[in-house]
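Top to bottom, those sequences are chains A and B. Position 202 of the first sequence, counting from 1, maps to 202 under my numbering, and the rest follow consecutively. Position 124 of the second sequence, counting from 1, maps to 124 under my numbering, and the rest follow consecutively.
Keep in mind the hints are simulated off the structure, nothing from the lab. Think of the CB as a built atom: it goes at the ideal place given N, C-alpha and C, for glycine as much as any other residue. One should not assume that every hint holds.
Claimed, not checked - So the derived list for chain B, only partly shown, Cβ under 8 Å to chain A, looks like this: (1) M1; (2) T2; (3) R5; (4) R71; (5) P76; (6) E118; (7) T124; (8) L164; (9) E168; (10) D193.
Unchecked claim - Which residues of chain B face chain A? A few of them, derived with a C-beta cut under 10 Å, are: (11) T67; (12) A95; (13) A97; (14) G121; (15) G167.
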Amino acid sequence: MSDTAPLVAIVDYGLGNLFSVSQACRRAGLETTITSSRAAILDADAVILPGVGAFGNAMSALERLDLVSPIRDIAASGSPLLGICLGFQLLMTESSEFGRCRGLGILEGEVLRLPDDRSRRLKVPQVGWNQIVRGPGAPSDWIGSPLAGVPDGAHMYLVHSYFVRPAEVMNQLSMTRHGDVEFCSSVWRENIFASQFHPERSGEAGLSIYRNLRARMIERKEKQDV
Amino acid sequence: MTPVRLIPRLDVKGPNLVKGIHLEGLRVLGKPERFARFYYEQGADELVYMDVVASLYGRNNLLDIVTRTARETFVPLAVGGGIRSLDDIRDALRAGADKVIINTAAIARPAFIREAAERYGSSTIVISVEAVRSPDGRYEAYTDNGRERTGVEALEWACRAAELGAGEIMITSVDREGTAKGFDVVLTAAIADAVPIPVIACGGAGTVNHLSEVILAGHADAVCVASLLHYGALARGVANDGDDFSEGNVEFLRGARGPSRRQGVSIQDIKAHLADCGIKHRPNSTEVSIV
Numbered sequence: 001m002s003d004t005a006p007l008v009a010i011v012d013y014g015l016g017n018l019f020s021v022s023q024a025c026r027r028a029g030l031e032t033t034i035t036s037s038r039a040a041i042l043d044a045d046a047v048i049l050p051g052v053g054a055f056g057n058a059m060s061a062l063e064r065l066d067l068v069s070p071i072r073d074i075a076a077s078g079s080p081l082l083g084i085c086l087g088f089q090l091l092m093t094e095s096s097e098f099g100r101c102r103g104l105g106i107l108e109g110e111v112l113r114l115p116d117d118r119s120r121r122l123k124v125p126q127v128g129w130n131q132i133v134r135g136p137g138a139p140s141d142w143i144g145s146p147l148a149g150v151p152d153g154a155h156m157y158l159v160h161s162y163f164v165r166p167a168e169v170m171n172q173l174s175m176t177r178h179g180d181v182e183f184c185s186s187v188w189r190e191n192i193f194a195s196q197f198h199p200e201r202s203g204e205a206g207l208s209i210y211r212n213l214r215a216r217m218i219e220r221k222e223k224q225d226v
Numbered sequence: 001m002t003p004v005r006l007i008p009r010l011d012v013k014g015p016n017l018v019k020g021i022h023l024e025g026l027r028v029l030g031k032p033e034r035f036a037r038f039y040y041e042q043g044a045d046e047l048v049y050m051d052v053v054a055s056l057y058g059r060n061n062l063l064d065i066v067t068r069t070a071r072e073t074f075v076p077l078a079v080g081g082g083i084r085s086l087d088d089i090r091d092a093l094r095a096g097a098d099k100v101i102i103n104t105a106a107i108a109r110p111a112f113i114r115e116a117a118e119r120y121g122s123s124t125i126v127i128s129v130e131a132v133r134s135p136d137g138r139y140e141a142y143t144d145n146g147r148e149r150t151g152v153e154a155l156e157w158a159c160r161a162a163e164l165g166a167g168e169i170m171i172t173s174v175d176r177e178g179t180a181k182g183f184d185v186v187l188t189a190a191i192a193d194a195v196p197i198p199v200i201a202c203g204g205a206g207t208v209n210h211l212s213e214v215i216l217a218g219h220a221d222a223v224c225v226a227s228l229l230h231y232g233a234l235a236r237g238v239a240n241d242g243d244d245f246s247e248g249n250v251e252f253l254r255g256a257r258g259p260s261r262r263q264g265v266s267i268q269d270i271k272a273h274l275a276d277c278g279i280k281h282r283p284n285s286t287e288v289s290i291v
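Extracted from the complex, chain A is given alone in its bound form (with noise of 0.2 Å):
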């Protein structure tokens, strides 16, 4: 079956850019499915958990799905997992979006909002293009990670009015300032890659990860081939 292209599941919980993330992933030569079917999901070669929307929401759609646990198996199964914005956060521990709300807590950590400040222009929602550099568990130029080929400094498309800040610093494969801030704005930890940043919407920089992505399906559909 090594000659088919590796199969992305694209969580569909009813939200989200859930089109703009499956061309991407065509465009990097994966074959897409959007789903909400927990055997769909926990049979796909990758799970993407995209991202628009209100935390609190998505939490409940996930669970009402019954997709809570799926999700789970997959970060724990080793195949690979792409959180995108809002999946990024509903990775960690909790969100304090419109009240406190719980995680999947597949990772340690919290989601806190941006501080926005008038009389320097900082705007929250963030709304554009910032520049992604090298967080304290990078390793140098990104060699080997969901960021490889992606230059430092790269910009990134981010729509988001809250931050992911992760226990573990290891795990910031990125880091993003606005203003006094600097937040994380992807982590990888194994199987698991999510990014504040939309990589479906970043250009060609972020189509290299849906293309990093597909080469680690592809290697890993190999070694389980053989």
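Please arrange chain B on chain A, whose structure you already have, making use of the hints.
Just chain B, lined up with the frame of chain A:
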């Protein structure tokens, strides 16, 4: 501040990219998806599609254009015109939009902003404020592409929209729109200084200097540019060949009216100008690789 965004705005009527021309009505410029792709490849930071007649006649085929565009462009895409309900927002997002732009439905029922923000996240909801200057210097919000008065004061409305959960405010000066005489800097600064959320200036760009002016003096977080870029794109040969233009005012495309007096610019021209002015922006990637 976050780097300023440069956003080509594509006004769509039916299958066509159009441009409102004083006393002439809507002029057909070409196929919107071709321009969108051209701008993406040239380094546009975001794209805006505005269905210019949806508020009048109900929904049309804009979402098909959105879907085709989202297949080949990988920057944010905002869609406006005729968004009236949570279902409309869902449909736009599912078609490939990242954000929706709302005016009429939000003024008619402000609680719609909160419902939309709670359901889809503030960052998905852009509130469009179309402002007309009154003789006393105040600005009134209009709807339906500047055709209908609301009696609502524009600055108060922008603040209220932000409180209700809007993620961005797009300000269009109806007086300046299509004039190429520059943005309304006073209006833009008043709103940008009053709201905690990003403000997109729209309507009136005639030169690159107008853009730096509305960023530096108008405190805009993003700028929308329409005909200034469209005429530049046409001059640079964005492909319209082989397309079927059987709808709308196509005299301009057929060349019967001759070239526009308006000079167009490219995205690179604008970014070079921003760099000269010391304005933070996303530098153009060197080239777009083909996969």
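Cross-check of the supplied hints:
1. M1: Holds, about 4 Å.
2. T2: holds, 4 Å
3. R5: holds, 5 Å
4. R71: It holds, given that the least Cβ distance between B/R71 and chain A is near 5 Å, below 8 Å.
5. P76: holds, 5 Å
6. E118: holds, 6 Å
7. T124: Where the cut-off is 8 Å and the nearest Cβ of chain A is about 5 Å from B/T124, the hint holds.
8. L164: violated, 14 Å
9. E168: At 6 Å from the nearest chain A Cβ, B/E168 passes the 8 Å test, so the hint holds.
10. D193: Hint on B/D193: holds, closest Cβ of chain A at ~7 Å, below 8 Å.
11. T67: holds, 7 Å
12. A95: For B/A95, the interface hint holds, since the closest Cβ of chain A sits about 7 Å away, which is under 10 Å.
13. A97: With a minimum Cβ separation of about 8 Å from chain A (threshold 10 Å), the hint on B/A97 holds.
14. G121: Cβ of B/G121 sits 4 Å from chain A, so the hint holds.
15. G167: holds, 5 Å
Figure legend: structure checked against the earlier numbered hints; the only hint not met is number 8.
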